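J.: Taken in order, these protein sequences are the chains called V and B.
According to my numbering, the first sequence is numbered sequentially starting from 1.
According to my numbering, the second sequence is numbered sequentially starting from 1.
Everything labelled a hint here was simulated from the structure, so no lab data went into it.
Check each hint, because a few of them may be wrong.
DSSO-like cross-link-like pairs, simulated, lysine-lysine; straight-line CA separation at most 27 Å [stated by the list, open to error]: (1) Lys520/B <-> Lys599/B; (2) Lys272/B <-> Lys366/B; (3) Lys10/V <-> Lys74/V; (4) Lys599/B <-> Lys74/V; (5) Lys3/V <-> Lys520/B; (6) Lys10/V <-> Lys588/B; (7) Lys3/V <-> Lys599/B.
Selected chain B positions facing chain V (Cβ under 7 Å, derived; list incomplete) [stated by the list, open to error]: (8) Ala54; (9) Arg327; (10) Phe337; (11) Thr586.
Small disclaimer: the values here were computed from a predicted structure and weren't measured.
We treat Cβ as the ideally placed atom computed from N, Cα and C, and that holds for glycine.
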Amino acid sequence: MSKQAQHWEKTRGLLFVTLAIWFVFSIGIFLFGAEMEASSIRPFGYPLSYYMTCQGSLGIFVILIFWFAGRQEKIDEEFGFSEREDD
Amino acid sequence: MFKGNFINNLPKIYGTYTGGFIVFIILMAIGEQAGMSAKVIGICFVAFTVLIYALIGYLSRTIQVDAYYLAGRQVPTVFNGMATAADWMSGASFVAMAGGIYFKGYGYMALLVGWTGGYVLVASLLAPYLRKFGCYTVPDFIGTRYGGNLARLSAVIVLTVASFTYVTAQINATGTIASVALDIPFNIAVYVGLASILMCSMLGGMRAVTWTQVAQYIVLIIAYLIPVFWISNKMGAGVFPHLMLADEVARIAELEAQFGLGEIKNSAADLKQVPKGLAGITKAHSEVNTTPWKFISLAVCMMAGTASLPHVMMRYFTTPSVKAARRSVGWSLFFIFLLYSSAPMLATLSKLSLMDPNLATGIIGKSISEVQAIDWYQNWNQANLMFVSDFNGNGTLELNEFFMGGKAVVLATPEIAGLPYVISGLVAAGGMAAAMSTADGLVLAISNALSHDIYYKMINPKAETAKRLLIARVLLVLIGFAGATIAALEIQGILGSVIWAFDFAMSGLFFPLVLGVWWKRANAQGAVAGMLGGLAAGTAYLIAVRSGYPGFLDITQLTFGIVGSVVSLVLMVVVSLATKAPDAATQKMVDEVRVPSGKAILGRQH
Numbered sequence: 001m002s003k004q005a006q007h008w009e010k011t012r013g014l015l016f017v018t019l020a021i022w023f024v025f026s027i028g029i030f031l032f033g034a035e036m037e038a039s040s041i042r043p044f045g046y047p048l049s050y051y052m053t054c055q056g057s058l059g060i061f062v063i064l065i066f067w068f069a070g071r072q073e074k075i076d077e078e079f080g081f082s083e084r085e086d087d
Numbered sequence: 001m002f003k004g005n006f007i008n009n010l011p012k013i014y015g016t017y018t019g020g021f022i023v024f025i026i027l028m029a030i031g032e033q034a035g036m037s038a039k040v041i042g043i044c045f046v047a048f049t050v051l052i053y054a055l056i057g058y059l060s061r062t063i064q065v066d067a068y069y070l071a072g073r074q075v076p077t078v079f080n081g082m083a084t085a086a087d088w089m090s091g092a093s094f095v096a097m098a099g100g101i102y103f104k105g106y107g108y109m110a111l112l113v114g115w116t117g118g119y120v121l122v123a124s125l126l127a128p129y130l131r132k133f134g135c136y137t138v139p140d141f142i143g144t145r146y147g148g149n150l151a152r153l154s155a156v157i158v159l160t161v162a163s164f165t166y167v168t169a170q171i172n173a174t175g176t177i178a179s180v181a182l183d184i185p186f187n188i189a190v191y192v193g194l195a196s197i198l199m200c201s202m203l204g205g206m207r208a209v210t211w212t213q214v215a216q217y218i219v220l221i222i223a224y225l226i227p228v229f230w231i232s233n234k235m236g237a238g239v240f241p242h243l244m245l246a247d248e249v250a251r252i253a254e255l256e257a258q259f260g261l262g263e264i265k266n267s268a269a270d271l272k273q274v275p276k277g278l279a280g281i282t283k284a285h286s287e288v289n290t291t292p293w294k295f296i297s298l299a300v301c302m303m304a305g306t307a308s309l310p311h312v313m314m315r316y317f318t319t320p321s322v323k324a325a326r327r328s329v330g331w332s333l334f335f336i337f338l339l340y341s342s343a344p345m346l347a348t349l350s351k352l353s354l355m356d357p358n359l360a361t362g363i364i365g366k367s368i369s370e371v372q373a374i375d376w377y378q379n380w381n382q383a384n385l386m387f388v389s390d391f392n393g394n395g396t397l398e399l400n401e402f403f404m405g406g407k408a409v410v411l412a413t414p415e416i417a418g419l420p421y422v423i424s425g426l427v428a429a430g431g432m433a434a435a436m437s438t439a440d441g442l443v444l445a446i447s448n449a450l451s452h453d454i455y456y457k458m459i460n461p462k463a464e465t466a467k468r469l470l471i472a473r474v475l476l477v478l479i480g481f482a483g484a485t486i487a488a489l490e491i492q493g494i495l496g497s498v499i500w501a502f503d504f505a506m507s508g509l510f511f512p513l514v515l516g517v518w519w520k521r522a523n524a525q526g527a528v529a530g531m532l533g534g535l536a537a538g539t540a541y542l543i544a545v546r547s548g549y550p551g552f553l554d555i556t557q558l559t560f561g562i563v564g565s566v567v568s569l570v571l572m573v574v575v576s577l578a579t580k581a582p583d584a585a586t587q588k589m590v591d592e593v594r595v596p597s598g599k600a601i602l603g604r605q606h
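Only chain V is shown next, with the shape it has when bound in the complex (with noise of 0.2 Å):
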């Protein structure tokens, strides 16, 4: 397999995990909105339903993104495809 593609499939299983991570916060736990409502998890005492909606997503959303993005760049590195420094 050429390195281009080995890159490729890489670049790609690294998108699974990250649209994975971003299904579940995004979409999966809000199908137990009345179960996180109910549970005795309270995040700095709030229900753990309105914490996540209005803090919890939203910050792993922003951590998610630059765990991807030095993933991504680690890959580019080990395939040689990353920019040069003066680009």
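With the hints as your guide, set chain B onto chain V.
T.: Same frame as chain V, but now just chain B:
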């Protein structure tokens, strides 16, 4: 004062600017103590900030094509993040969102999740690849990737429909704020707003819009956070409201039960007295009050719409590298997060200020005549944003007898909570900044698509630079005027049309963009079918629902993008597979786009 080149000095320049703005706020506060009237303070805030933006716009004037369309591709990661955040957060986010949460609670907060989650899609599916492509506009990508003028034209059509729907709402918002702050009639204020928007973008295109948007972000975030922190501390609710309002949220639930929320219903005859556009609290504040599907379908539409709106995507064309584009998406979302995570806190504080009888500011349970005598009530009642009426005739204000406009939650809360007027002036300047920055991005996205993709690429490919830029500017002014004219008619509310814009963009552009990078087999015929078919299906569903058709799967006029995008995906796949695969050159181009290194597909000047 500043040695070396402009880009290296950015932190210093914007640091000085932020310092200067804070000094201005302090001067206004001193002025207020010395007896400056509320009206003069309001005018100073709006006029001063708008003049600064206009000055930045003038200093960023350019006659270079790549500076006009791409800000010279040298906007550093963090600054592009700020500019995108301002571009993104519109009058709807700033003025209307906290109000929506105030009235609708949990069900409405699907918008918070949707408007942030979409950035994960932007970062992972699209932005880095479109940056590598090197396009000037989103239709530029579609046109080059799929080939042919028809694909390019279809993309321009979708872009124009979505962005134009959006921009009328933003010009409407600038008009609303300018009319309140400057005390002029709305249909004149709309053109004052338009003039300010054009001053920022006309001379310098993307470059000017970039640097004014950074300045506007700084103003709008200061204007949003100061009142939230101040009210929270004043009320004794917590030094850091975001982590400390759990007791207040619980207290609201307690008061809702005490005041009989949901049990006492107003009769239709009573509701007729309430001025149009005002609402009472009818939904619980924190309780899960909607079905999972309603919540999720709205969030999904906003996420896919985020990834398809051209004025956001084109901000990532301005970074120096692919790597910077990716990181820049993270910074954008971080800066957006600062405001979005504060909106529910503002709604909580605002609601408690009004509801809690133990607080000096609480009005529920007081006598009607006492409430009607309060200064701020009279002001906002006159502005048609507040209303009380003694429906049950007991002389006391009940929860179901108090009505407020959605905008009032952000605009009036500082006054209700007893903050000095200087804060209300600041909030007006913030709202103006939010609406102007988004309107700028949108007007530029439309006029760039028309001038670059229609005029230069399709009508007159031999046009000289000077002529191209002249056409671009003329179109900018024309589109601005068209937007303002429609805004002056006041057809729809701000929030409704913003949500529609997301659905339009999602219907026509989401799959053609994503599959352009991720599916090599996608071809021009498929893309055209996907764009036009998706847009047509979405629009048809919207019109049908608006004219009384009950719809299916609980898809409403706010989530019609689901219909449009599914049709778009199916058409695109079926038509692509039924027609010839893209040629070898196109396939090779897609391979090139998938790696960050090497030259951009389209050069700096094209």
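J.: A separate judgement is required for each hint: does it hold in the structure or not?
T.: Do the hints match the structure? See the list:
no. : hint                  : verdict
1   : Lys520/B <-> Lys599/B : holds, 20 Å
2   : Lys272/B <-> Lys366/B : holds, 23 Å
3   : Lys10/V <-> Lys74/V   : holds, 11 Å
4   : Lys599/B <-> Lys74/V  : holds, 20 Å
5   : Lys3/V <-> Lys520/B   : holds, 18 Å
6   : Lys10/V <-> Lys588/B  : holds, 19 Å
7   : Lys3/V <-> Lys599/B   : holds, 18 Å
8   : Ala54                 : violated, 33 Å
9   : Arg327                : holds, 5 Å
10  : Phe337                : holds, 5 Å
11  : Thr586                : violated, 16 Å
In this structure, the earlier hints numbered 8, 11 are contradicted, and the remaining ones agree with it.
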